[in-house]
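**Student:** With chain A fixed as given, assemble chains B, C, D, E and F onto it according to the hints.
Residue numbers (my numbering), protein chains in the order written: chain A, 5 to 339; chain B, 5 to 339; chain C, 5 to 339; chain D, 5 to 339; chain E, 5 to 339; chain F, 5 to 339.
There may be inaccurate statements among the hints.
Result set (DSSO-like, lysine-lysine): computed pairs, CA atoms no more than 30 Å apart in a straight line [stated by the list, open to error]: (1) D:Lys64 <-> D:Lys47; (2) D:Lys300 <-> C:Lys64; (3) C:Lys64 <-> D:Lys77; (4) F:Lys64 <-> C:Lys321; (5) D:Lys64 <-> F:Lys64; (6) A:Lys77 <-> B:Lys64; (7) A:Lys321 <-> C:Lys126; (8) D:Lys296 <-> B:Lys126.
Over the 10 Å line for every Cβ pair with chain B, so calculated as not near, a few chain A residues [what the hints assert, rightly or not]: (9) Arg8; (10) Ile22; (11) Ser65; (12) Ser80; (13) Ser91; (14) Pro110; (15) Asp112; (16) Met141; (17) Val158; (18) Ile294; (19) Arg318; (20) Asp330.
In short, the hints are calculated from the structure, not lab data.
C-beta atoms are modelled at their ideal positions from N, C-alpha and C, and glycine is treated no differently.
6 protein chains.
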Amino acid sequence: MGRRFIEQLSDGDTVEDIYLVTDRQYRANRNGVFYIQLDLRDKSGQMNARFWNASEALFKSFGHGDFLLVKGKVQSFQGGLQLILTSLERVEESQIELGDFLPRTPCDARKLEERLRSTLLKLTNPHLRALAECYFMDSAFMLGFTQAPAGVRVHHAYIGGLLEHVVAMIDAAERLLPLYPEIDREVLLFGIFLHDSGKVRELVYSRAFGYSDEGQLLGHLAIGCQILEDKIRQVPELTEEPFPAELRLRLQHMILAHHGELQYGSPKVPMTPEAVMLHAIDNLDSRLHIYKREIKEDRGPSAWTPFNSALQRRIYKGGTDGAGADYAAPMESHD
Amino acid sequence: MGRRFIEQLSDGDTVEDIYLVTDRQYRANRNGVFYIQLDLRDKSGQMNARFWNASEALFKSFGHGDFLLVKGKVQSFQGGLQLILTSLERVEESQIELGDFLPRTPCDARKLEERLRSTLLKLTNPHLRALAECYFMDSAFMLGFTQAPAGVRVHHAYIGGLLEHVVAMIDAAERLLPLYPEIDREVLLFGIFLHDSGKVRELVYSRAFGYSDEGQLLGHLAIGCQILEDKIRQVPELTEEPFPAELRLRLQHMILAHHGELQYGSPKVPMTPEAVMLHAIDNLDSRLHIYKREIKEDRGPSAWTPFNSALQRRIYKGGTDGAGADYAAPMESHD
Amino acid sequence: MGRRFIEQLSDGDTVEDIYLVTDRQYRANRNGVFYIQLDLRDKSGQMNARFWNASEALFKSFGHGDFLLVKGKVQSFQGGLQLILTSLERVEESQIELGDFLPRTPCDARKLEERLRSTLLKLTNPHLRALAECYFMDSAFMLGFTQAPAGVRVHHAYIGGLLEHVVAMIDAAERLLPLYPEIDREVLLFGIFLHDSGKVRELVYSRAFGYSDEGQLLGHLAIGCQILEDKIRQVPELTEEPFPAELRLRLQHMILAHHGELQYGSPKVPMTPEAVMLHAIDNLDSRLHIYKREIKEDRGPSAWTPFNSALQRRIYKGGTDGAGADYAAPMESHD
Amino acid sequence: MGRRFIEQLSDGDTVEDIYLVTDRQYRANRNGVFYIQLDLRDKSGQMNARFWNASEALFKSFGHGDFLLVKGKVQSFQGGLQLILTSLERVEESQIELGDFLPRTPCDARKLEERLRSTLLKLTNPHLRALAECYFMDSAFMLGFTQAPAGVRVHHAYIGGLLEHVVAMIDAAERLLPLYPEIDREVLLFGIFLHDSGKVRELVYSRAFGYSDEGQLLGHLAIGCQILEDKIRQVPELTEEPFPAELRLRLQHMILAHHGELQYGSPKVPMTPEAVMLHAIDNLDSRLHIYKREIKEDRGPSAWTPFNSALQRRIYKGGTDGAGADYAAPMESHD
Amino acid sequence: MGRRFIEQLSDGDTVEDIYLVTDRQYRANRNGVFYIQLDLRDKSGQMNARFWNASEALFKSFGHGDFLLVKGKVQSFQGGLQLILTSLERVEESQIELGDFLPRTPCDARKLEERLRSTLLKLTNPHLRALAECYFMDSAFMLGFTQAPAGVRVHHAYIGGLLEHVVAMIDAAERLLPLYPEIDREVLLFGIFLHDSGKVRELVYSRAFGYSDEGQLLGHLAIGCQILEDKIRQVPELTEEPFPAELRLRLQHMILAHHGELQYGSPKVPMTPEAVMLHAIDNLDSRLHIYKREIKEDRGPSAWTPFNSALQRRIYKGGTDGAGADYAAPMESHD
Amino acid sequence: MGRRFIEQLSDGDTVEDIYLVTDRQYRANRNGVFYIQLDLRDKSGQMNARFWNASEALFKSFGHGDFLLVKGKVQSFQGGLQLILTSLERVEESQIELGDFLPRTPCDARKLEERLRSTLLKLTNPHLRALAECYFMDSAFMLGFTQAPAGVRVHHAYIGGLLEHVVAMIDAAERLLPLYPEIDREVLLFGIFLHDSGKVRELVYSRAFGYSDEGQLLGHLAIGCQILEDKIRQVPELTEEPFPAELRLRLQHMILAHHGELQYGSPKVPMTPEAVMLHAIDNLDSRLHIYKREIKEDRGPSAWTPFNSALQRRIYKGGTDGAGADYAAPMESHD
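Isolated chain A, as found in the complex (with noise of 0.2 Å):
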């Protein structure tokens, strides 16, 4: 039988299954009882669940990111669902599979790559269609590649996440290419694949999402750069000609000003027509997709998201014909 997922669970229901631990805490309660308080999740979703009368060897037995084999029953709790358990143990990841456990893109992982092999594929710049080649035989890349979310928190957190994105992007970016011509359409198409390449080595994403030393202090921006130099060094090979100075720096310069600002972290603005449709069609595409999750995942009867504090406001949700009213704004207007 397979196994049953978090979203399936409801109160009263036995569970026997293996989970991801994404956060654990042993507690006492006032009577001393000691206790252990976890966060469990699989792709489908997460849930909370505490294991009563626990040793300190017990909690030690395990940490975050582990698998744990759970027993216990499901109940009712302050109005959502918590796990009540009778037995934990810890299994090597060996046993598990792991696409369990991490949320993954809607979309068809497979087909998003082919749609970018194929356009890269296709560019007519000899130079920019041998430097794509020198990215698809970087195996360790394309896995990478095709397997990063394209954010921890913020959006397209889920495996496959950065190249749903990219490709989303290169969609909008091949509609809005014929309204403005002066635009270089191949170092455009090009620049978007690169923008996050870095994104690869900047996060960690096997288990958990994270951040992998070298992204804290290197980030996605200069990890980026320094794959593509090292692609740019292999392509005379393929093309028996040198790549052309003026096509890397546009290249690389999309890279380090595609967030837009300096205080955003870009140490260049945009100076390319390229680099500031680049900018432009990143930041629609993240910005629609958390408004787009914020208002599809948020339950309540309100006309208004919970606030957002990435984004610093909340969002409107509407379906009251404009006659809500919201009595948790979390700041006040400035009177």
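**Tutor:** Here is chains B, C, D, E and F on its own, set in the frame of chain A:
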């Protein structure tokens, strides 16, 4: 026998009265005992309440903003008081006297309104006088104007607060005007009346205080401008003359510029002397209202109020002859 | 014989034609010889002119924005051209063809307007369709909408620029919409039509381009909202239904939020997906318009345009295969 | 015969009088003719002057801030007037009446000072009264206090400007105080006296207006605090009691916090109600002084003053019934 | 037998000793059992304590900053240690050795002070040497100067921290000075001594660390300037010469400008080379002190310290050969 | 006979020598006489020159950055000197000694380089030593590193300026390191060598100073990282070991973080103690270089330098015993 207000309750009192629910949660303690945690308020203050061994059905029988008839006992808890409830029951709004539940201006609202009306109806400019009449004839607007708070939390956050704030500003303006003869007195006074008039629709204040959908999406500056546009359109019926174009611009500008700077939500900075003075008086009156309230409400022994996050500072109450010491300063000075 | 436009003049030409005055000064050289210094323009460009030994009376006989019939000779000066005048005379506006003097969109304005009308009249939402009709029936508004520039200097600064910008944004939106099905297409398209509609009254553009008093005091956001309010009031006469309150809020919100951030003059940040997309498309189209124009108009040999103070950057034109060097960078990078 | 002031000169007048040099340059025209370019002023205004065929020795015979006896003729130039000099000669300060050369408050300085003295000497707090006496007994300080401008350029930039500004603020405070009984009247009034008192040493104003070294290195806030510390030390000789520590802190704090925010040069934000009110009244009076002066001094036909760079805006003068148009708006609104 | 310090306690120990209270709360658990929650500290560290079944009278018998003689037992809790108390009793300050309770510089305070004195007394400028003597003769000031921490929390937050920080800066300056001969060595060294001298009165540090009223209202820059003014007044008694005016300005300026920028609380930016160097050395020493402490105190397995809110960053400890991954990054990079 | 340098010229001298053109313009005076206006420089300074009655052909015969053999006479003009040319002729770069024309570090460049090499080659870490060798073996890089200025205008803007700045920082670091034993000396020293190494390609400095295309599009941070990546790849050939991953991150991070904050162009803030110290020393050395130069170069009589727009302040030169007054303060303090 009349109702007993929250500020009149003391340790050991038995309670049977109606209160407004401003927060509610359903929780379990570590032994699995479920309870409802409530914030109850009337116009005199707020109190924490707890109902032990509560069913989820009971919890769901009422919501935020409802009125509850509760029975229970007051007990001392953590240096404050708490209500331990033995019964609670939702009552219809028709059974209650709304005035008992929302905080209300300490001033005589009737006199404030009279003060406002007589000021505006005595203006010598016939267009402004007629404009005032158009506002006063709109009884729904005037009901809102006399009921609305000036803010949800920061200042004048009580029924009648908007009116009180406006009349205080008129008083301040009348006193300052002889010193600045370059100011057009009538334009300024009318601007004071108008500046926050959009709050009548931006805020909701029939039970708890909050924001309407329109308030969050448009804000009181845009709403105030729309109401003004509407009323100006009616003026010629009274005056049989077109409303002067420049006068309209000066009034609209005062509404739009009264927050003083773009980053505080004004789409235009003050560009007339009247707009400058309106902004200054508004700022002074609201700022001093906060300082006064913070100093008055803080009963702590320190010479300093707690950190006020709207002001990003603590306020000096004094009384220690400058020899006080404080261990709770939330932010270290730069070293 | 038709008029000769400024862009057609060359060194040594004799001139006798009418031009628009966009700047004028009265000066003396060191030998006490007085002269008039002029900027003359027609729709094809601008030229510097000088009239030697001019009397003050002649200087005072015309002003900024007037049309002058001038005679003189073109001569080369400082690498450019200059008109040395032998006579000048003010002519009445009635004698001239305004279209010859103000720069004008290179697009076919008739087609642009047709494109706009057909888009909005094909919307399926009857309220929006009726609202469009209300705008279209207002011929004064429509004349302004098809004439107004989108800006005085920064982008689309020519007759018809607003309409061209709006239609370009509609094109962009139509192309992007299939990718973002969560966006309400009709609301977005209508918002694009509305977002800068206040520029019809914010700007003046019958001769030179400038700002009206209303434009400076209220701004095109507030003006656009007032026009919308006005038109919405007329809709029920066509639909025999009240205009939906939520729809009204969404439209007004798009106007108010389209600058994206408070410090750019929007009193509200975008809080609906449509407002986010509107802001992004507006930004993209106006930004690319500037880049395209700067690159096209700069005839210098450098790989870089001069410093653009609105963008606070120079733009890379390229063409040096990345081997260019520039000695005029106006700001040093941080060291 | 008395002197003729600059504002009395007109085209064709012969001049022989003394003026203050506020700028001087030595230049050659294209034919190698050297000339001296001067800005001359007296209390009534400023005029440009030129001396042709001037030797370098003549140029070096005087400096900025010197007084020159000049002969020459007034002529019209570029729409204004200019002095063409035939002789110039430096004169000693002892020969001139300083009051003729620096602009001076239009108010009766004697009355202003009397108003200040009587206000402070009537305070009921004996410590403050004694403190006032300590200031008043310091005749060098008082001479400075009655002579100093309130600023070099931005507002009240004339002899007596500081005193005029302080008395205007006292007037404003007295009028507002009855509305805010929580404010300590005597502390506020004394704070108004003190807030800019450091300008007595920050600025120099014996000839032209400028900054002392101390003014640039320490600023008037720190200087004002030091003077206050000094005077407080003398008070116990008069009162035979120690000066109250808390009162000293409240006074010093008002000086330090009167710019309102750190980025405007206050090392502390206002943390007492009196400091809040002091800052607001200071802001209001200085801001309105600028608006009034800009509107009064601008003789242009536009409904708008020229761009004021200290305020970063233009001011609306009106008078066009809202139908004005302006072609000189220095900054485009965001599009 | 000597006292046992907090850092020496381990699970199961029985405790009977005196500790300083730095936080206290009175709470009830869900069964209505009341308990006191305490933070206790001595110079070696801090520990959480709990007293079950406590009466409100017991809770009120002591306050923040008092010393308690407690009996109880250490137990392991949530991965740390906790004291479960069986008795607690307030003791008078006279009974305790203050040095046992407040953290103290690890350096030899006597040597630090000696270092400071000998440096300043060896200066060749007789005015500065005499000024140093004036400070050293003020034993109350010197007691404060050797006791005060350099900050309440951020850096050098322990008894003697100010002196340690100043001597470290003198060391740094002495080493750098040979490289920058344009710097006036004696002015710089004296400025280092002075720059934070106002902390002697800004902070309170007899028990816990906090701010005096004077510290919050005036800040250590203004206080330091006032002390300096006072001492400079005494110098001529020693030197029989007036104190040089420029030297006084340079010293005062170094105090006022040492935070480097207005928004960090300096009313003036550094305008002399000595003020620039003082600011840089101050910044370097305090910044490195934080990095060193954060890295040393963090015992976690991650290559990164927890997020430091004063620095708004985490610090890289390393030790994972660059292969670490971190799941707790508090802020996502811009995407 | 050797060349006469600009600083050796005086009024009346006859000149026949070669100079570098750093600015050129073609103008006419009011009598229609055309002339060429030039800025000429050699390593000793800069001088203004004028060629009367110049043909456009002559003007077009040379450009910015070319070398001209000029004949003419020096004359006094506006308090300075000016060259009146009678002939000018472009000469080939091969005929000139480049070292005569660009300003050059006053230090002995050979010794500076020797100092740098010996420091890095004595490091004990074999990976860093090998890395240094890889840089030193790259003679093109080293030529650039010893030639490049540290900036175009702001500081060390002369040939060899980068090397001088780096060696000065090494000196400063060596002196400070004993005080901060937690700093990894070898990592810091290597970081100092690397931090501005990208300027070798960011800047152009063979004639005048400017920016390369790569410099403007990528900046010296990204360029420096790419060079480092390149060199690290070569190290294992020397060491026969992989380059340590953590060491690579620490080096790259120092380059990326050395501007200290995002808004100054660093995509990452300093997160290691070495990066903090590098940033501080860099700041100190460059800042003091500016102060020293501004004070030294200003020959005016004021106690203050002119306003420096890079620093946004004037610098106090002193020498007036604190009694100076200045009438030219470009910005008024806040009032």
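**Student:** Return the numbers of the hints above that this structure violates; sort them in rising order.
**Tutor:** 5, 12, 19 and 20
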